[in-house]
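Residues per chain, in single letters:
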Amino acid sequence: MGIKLTIDGKEVEAKNGATILQTARDYGIYIPTLCDNPALEPYGGCRLCLVEVEGMPKPTTSCTTPITEGMKVKTVTPQVERLRKTVIELLLSDHPNDCMTCERAGDCKLQEFAYFYGLRSNRFYGKRRQYTKQDGNPFLERNMDKCILCGQCVRVCNEVQGVGAIDIAYRGFDAKVCPSFENDLNCEFCGQCVSVCPTGALTGRIWSKKGRTIGIKEVETTCSYCGCGCQLNLHVRGNEIARVSSKPDNHNEGWLCVKGRFGYEFITSPDRLTTPLIKRDGKFTEATWDEAISYVAERFKKIIADNGPDAMAGLSSARCTNEENFLFQKFMRAVVGTNNVDHCARL
Amino acid sequence: MEKAKTEIIVGMGTCGITAGAADIYALAAESAKTKGLDVRLSSTSCIGMCHSEVLVDVVTPGFARVTYGNVTKEAIEEIISSHVAANVPVAKYVIAQMPSYGKTYDDIPIFGQMPYMNKQERVVLSNCGFIDPLSIEDYISKGGYEAVKKVIGGGDPKAAIEIIKASGLRGRGGAGFPTGLKWEFCNKAVSDKKYIICNADEGDPGAFMDRSVLEGDPHAIIEGMLIAGFSIGASYGYVYCRAEYPLAISNLKVAIKEAHERNFLGDNVLNSGFKFNIKIKEGAGAFVCGEETALIASIEGLRGMPRAKPPFPAQKGLWGKPTVINNVETLANIPRIIVKGADWFSSFGTEKSKGTKVFALAGKINRGGLIEIPMGITLREIIYDIGGGIPNDRAFKAVQTGGPSGGCLTAAMLDTPVDYESIAKAGSIVGSGGMIVMDEDDCMVNIAKYFLEFTQSESCGKCTPCRIGTKRLYEILERITEGKGRKGDLELLEELSEDIRLASLCGLGQTAPNPILSTLRNFRDEYVAHIEEKRCPAAVCKPLITFTIIEKSCTGCMACARACPTSAITGERKKPHFITSEKCIKCGSCFDVCKFKSVLKK
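Protein chains in written order, with my numbering: chain A, 30 to 376; chain B, 1271 to 1872.
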């Protein structure tokens, strides 16, 4: 049996152990968050998801508070709305607010909250963190002065990727996310951190100035790097990829590796082969697909006729899908007639 | 039997050592040797009289124990030649004598009747300054480990919980949660493993209650943890002690080793089948690690950052197992309560606040130090009777209790009884026991700024209101003290303080605005003077003060001119001097050196 409670007067029910935030989401009740990510452990850092619970002396974070029987939750009250606004103001008081040129404008949660709370002016001002140091790696760009310390990057790196390349260092206002000893980032560069960052603090280096939201078309495709077949969401502007993301409801749960996320420049490389080549008189010359396939088929047939099918062997690739690999072994066994078939991943 | 020797006991707590006790100890050894005196020289820990360090006690067999204070190299020579060699106490260095040791001397005050002592009630501190902390025999001779024998011998883990519940003991770390209840929750939690943690991450500025107990009576902590462990069903204990307390840690290590040798700790405690071992975890210097969930994270090897409660540590604590976290002073109370009974303990204190509380009395006070009082005596009794009032006849202005999480109480509140409820009602907290006295020369805006600077730099950075909010609070206070405060700043301080209190994740952030709120409530006029008149009434905030020479009374002695580091003071000998304000850096040197009160600071 589930646990029954009311949220904003609505009677709801959820499993024991669920949090207020999870339950509210299940029922389509919106609670603002910056540090929450359903795929990660609750954090309770940003304080935007504060709600009022009857009987509790102070507002509580809905992301960390488990539901209890008969609980009465209010997600919108003058008090929690005031606190949320203060939190956003505080974050903005320590933010470059350079949305004009920021890569994430239009796709930034902080900007979105500033918009919803109508924060054109700010009661708070003062020192702002300024970091100029840049990493040497070609993948990730870290603009730490835009970091709001939501800790999602730290958690995804620990909990999902199991790498633990970064954590929070220093205390108080100077707290910052960085690799140990503030060294240059030296990790797998999977970019999981980039994918969860709610602001422009973490972006892809090759994504810079390729387009934000206007004129961007999203194209779903399958990554061709390995047989996992992760679903990619290509953000395309004109005929060029601006950046790559992945949706959480895919079989890869929205996670990608460095190749899938950043390794797409080959697509527009001038070195890329776009037609088959046949070596004629010691030189590769362009050919049509029909020509190429017929040429290979003839050569195969000749080898089999001269030396038998076991003179042939096939080596398949981990970049192929399961279906392609199945077809390949079927081809070798049923068409060529040999069991000499293997796969690079077995080596 | 060995012939009784005259004893010389040197106070060698951190405070004593800082005041030069190690030299005095060495000197005493050398002097006694050269004089051919057969003495027993030993050390003890802090007795709490910081205002009189170095402290040396002498006990001639059959006579009262005599305490000497402010002992210098010359003094120790004299004490040895006269008191040790000839049993004639040296009156000029004497503080008091303790008749319980033997025959009293004439004309020496009795220790327990001194103003500093007679309102104190020493339970937690009963051994501090009396036993050698490095000797388990000393502890046992004072009834030590009797409580453990009683509890484990009784066999029922719930028996001790009932006694502690009946005693009314509340957590001494600051929150004041009933200790017995905490134990009961954890006792009821079902788990294969449980833990007891001693929170010795004392970090309030000016507070050193826990350090003194750890240094002076480490076995009491071990015994308290043993009883807690047995009661909740824990076989492992951790002492989380800040690394800045090296003497406490080394004394505790010795005590743990000795307790193992005597089978008080180990895999079969007192052959009862109960297993209990203690590990020391040295903190890396973060104030926030005194917060229990941050402390747990730190022991687990993670960054010391708090997490939201529930679940509470009693349900899900260290390594995810049910855990009780008790403060040092709380644990030191346990063996005494077990031996003397709940009724004895609850005979001290008020209806809701039982027992005694240790305070570190500091600031503008004549007799600063470590005191232990029965709950319920007034602030006035503590400050004026025990502490001897304010030095240099200055007027009392405020007392800050509860450290950076507490508030400032005013002269009008001096008759507030010191107990959890009354202090909270007055607008502050008892906290862990810091008590800082301020006089008319202290600027309350500056005091609030000081505490905010502390909490801001110790914020872990996890939650927004504490990380950025306290920074903004500090900056507003900074501009007020620089004369750049503006209209609306006080309202902004109040609004932001309230939001930080409500929205922060842990106690550090939730209580960080307290020093501002309490000073705004009680000393609002000082804030207003800074903002509207650009004036610091206590003449503390440098950008708002000026130094001038009163021509009438200036004798032209030139002392101020010589002291001035920037040569801002000019004038001829025997003629009034003059301060060039453009050159003056407001260091106050002239004010301090002038014997004729001819430098005006305002």
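Calculated from the structure, these hints are not laboratory results. Since we're looking at a predicted model, the values are computed, not measured. Glycine included, each C-beta is placed from N, C-alpha and C at the ideal position. It is possible that some hints are incorrect.
Claimed, not checked - In silico DSS-like links for lysine-lysine, alpha-carbon gap of 27 Å or less:
1. A:Lys-156 with B:Lys-1812
2. B:Lys-1757 with B:Lys-1822
3. B:Lys-1419 with A:Lys-156
4. A:Lys-33 with B:Lys-1586
5. B:Lys-1463 with B:Lys-1412
6. B:Lys-1804 with A:Lys-156
7. A:Lys-44 with B:Lys-1458
8. B:Lys-1303 with B:Lys-1275
9. A:Lys-87 with A:Lys-138
Unchecked claim - Now the in silico label distances, taken between C-beta atoms and shown as ranges:
10. B:Glu-1752 with A:Thr-161: 44 to 52 Å
11. B:Pro-1580 with A:Lys-33: 17 to 25 Å
12. A:Cys-128 with B:Arg-1832: 29 to 37 Å
13. A:Val-287 with B:Ala-1292: 54 to 62 Å
14. A:Pro-107 with B:Ser-1617: 47 to 55 Å
15. A:Gly-193 with B:Phe-1455: 43 to 51 Å
16. A:Asp-278 with B:Lys-1549: 40 to 48 Å
17. B:Lys-1549 with A:Tyr-160: 51 to 59 Å
18. A:Gly-193 with B:Phe-1447: 32 to 40 Å
19. A:Gly-193 with B:Ser-1520: 32 to 40 Å
20. A:Tyr-160 with B:Met-1828: 50 to 58 Å
Evaluation of the provided hints:
1. A threshold of 27 Å between alpha carbons decides the hint, and for A:Lys-156 with B:Lys-1812 the separation of about 22 Å falls inside it, so the pair holds.
2. Pair hint B:Lys-1757 plus B:Lys-1822 does not hold up; C-alpha atoms about 39 Å apart against a cutoff of 27 Å.
3. At most 27 Å may separate the alpha-carbon atoms for a hinted pair to count; B:Lys-1419 and A:Lys-156 exceed this at roughly 59 Å.
4. Taking the CA atoms of A:Lys-33 and B:Lys-1586, the gap is about 24 Å. The hint holds against a cut of 27 Å.
5. Annotation: proposed proximity of B:Lys-1463 to B:Lys-1412 is violated, straight-line Cα distance about 33 Å (limit 27 Å).
6. For the hint pairing B:Lys-1804 with A:Lys-156, the CA-to-CA distance comes to about 23 Å; that is within 27 Å, so the pair holds.
7. Restraint check: the Cα-Cα separation between A:Lys-44 and B:Lys-1458 comes to about 24 Å, which is no more than 27 Å; the hinted pair holds.
8. As the CA atoms of B:Lys-1303 and B:Lys-1275 are separated by approximately 14 Å, the hinted pair is consistent with the 27 Å bound.
9. Pair hint A:Lys-87 plus A:Lys-138 holds up; C-alpha atoms about 26 Å apart against a cutoff of 27 Å.
10. For B:Glu-1752 and A:Thr-161, the Cβ-Cβ distance of about 28 Å falls outside the hinted range of 44 to 52 Å, so the restraint is violated.
11. Look at B:Pro-1580 against A:Lys-33: about 19 Å separates their beta carbons, and that is inside 17 to 25 Å.
12. The hint said 29 to 37 Å for the Cβ distance between A:Cys-128 and B:Arg-1832, and at roughly 59 Å that hint is violated.
13. Taking the beta carbon of each, A:Val-287 and B:Ala-1292 are about 59 Å apart, inside 54 to 62 Å as hinted.
14. Taking 47 to 55 Å as the suggested C-beta distance range, the pair A:Pro-107 and B:Ser-1617 conforms, at roughly 49 Å.
15. Taking 43 to 51 Å as the suggested C-beta distance range, the pair A:Gly-193 and B:Phe-1455 does not conform, at roughly 34 Å.
16. A hinted range of 40 to 48 Å holds for the C-beta pair A:Asp-278 and B:Lys-1549, which are about 46 Å apart.
17. A C-beta distance of roughly 39 Å is found between B:Lys-1549 and A:Tyr-160, which places it outside the suggested range of 51 to 59 Å.
18. Taking the beta carbon of each, A:Gly-193 and B:Phe-1447 are about 35 Å apart, inside 32 to 40 Å as hinted.
19. Between A:Gly-193 and B:Ser-1520, the C-beta spacing of about 34 Å keeps the proposed range 32 to 40 Å intact.
20. For A:Tyr-160 and B:Met-1828, the Cβ-Cβ distance of about 52 Å falls inside the hinted range of 50 to 58 Å, so the restraint holds.
Consistency with the previously given hints fails for numbers 2, 3, 5, 10, 12, 15 and 17, ordered from lowest to highest.
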